[in-house]
Amino acid sequence: MNYSVNEQGYYGEFGGAYIPEMLHPNVEQLRQEYTGIINDPLFQAEFQQLLTDYVGRPTPLFHARRLSAQYGATIYLKREDLCHTGAHKINNTIGQILLARRLGKQRIIAETGAGQHGVATATVCALMGMECIVYMGAKDIERQAPNVARMQMLGAVVVPAVSGSKTLKDATNEAIRDWINHPEDTHYIIGSVVGPHPYPDMVARFQSVISKEMRAQLLTQTGNALPTHVIACVGGGSNAAGAFYHFLDEPAVQLVAVEAAGEGINSGLSAATTQLGTTGILHGSKSLLMQTADGQVVEPHSISAGLDYPGIGPLHAHLFVSGRGTFMSATDDEALRAAFHVSRTEGIIPALETAHAFAVLDRMHFTTDDRVVICLSGRGDKDLATYMKHI
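Numbering (the numbering used here), first residue to last: 1 to 391.
Since the hints were derived computationally from the structure, they do not count as laboratory data. A hint or two may mislead.
Claimed, not checked - Pair ranges (Cβ atoms, derived): (1) 39 to 347: 33 to 43 Å; (2) 20 to 226: 38 to 48 Å; (3) 163 to 36: 14 to 24 Å.
Even for Gly, the Cβ is constructed at its ideal location relative to N, Cα and C.
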């Protein structure tokens, strides 16, 4: 089974570029040029230098001894929360801002849910002196106020999306509309492994530094580059794609993706796409999404803004359908309990998104020989207001 994207932009049956005619030049330029630009030694040298000196990579692989003792396995945390801006999102925005500059673009737009991608985009635009407009659901603006303030401090214009559920899906719709209206000078930095080809592959490549470092760090710490399990939360799925990337062709490594079950899979308030979704088109690619019988998108729900999305990236849809990935889900309550437990067990406050990955540990069965890596995709500062309501 092949888990890489093909020349048409598909992972198995999922992917492609389903876009309005007016966007075709933008997307086609990206498709034709992205691999050549990314693989250019000068691009890679600048990208790697910024990851090291600006982002703070490599991020540590931390042996969580108390969690390990509790669950009877050796558990490591890949500390993406220690990246500059507090999450893995900066890996991708650094790559895409360098790409945009090579393409001669001067104006950057982005969508954001939890605000971490918006902050990471505003950060690199400030670094490179580019105009930055971030679309964010009005509901998310309320529940992620610290990140809105950070974006504005960095000089970005934050535009509320007031249609639909006023969350990530609606912010993405607004960003796509903007891109249609500004095709010449604007690059759209998509924050996850979603959207028309080549975005899912491009974002996965920039995030693959996570699993590249995991392999090297595990080899140093254990003498074996392969974990037995990699666990990551999935909304669109960029941190999971990065954490899985260099293990996709290693069948001995179990890839565990954790979606947001909201108030319960069958509650009508969920974002567990693989459990509830069917094949359809969303935001420019063919994937699994939550939709009605006549193709209307079902509004998702999660306590975590970054997982509050009705679809999933085409790579993850392929991993699910092919059986290569194990897809689980965690409810709002389970994620909250896990967040408090990790905070008080390891002294690390995780983002609400990341807390979903920890929440499934209670349902997994490990042996003492298992080496488990959890992608700790972001820090919990942005979610403290939510946490305080439940303390």
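A quick look at each hint next to the structure:
no.	hint	result
1	39 to 347: 33 to 43 Å	40 Å, holds
2	20 to 226: 38 to 48 Å	43 Å, holds
3	163 to 36: 14 to 24 Å	38 Å, violated
Of the numbered hints stated above, the single one contradicted by the structure is hint 3.
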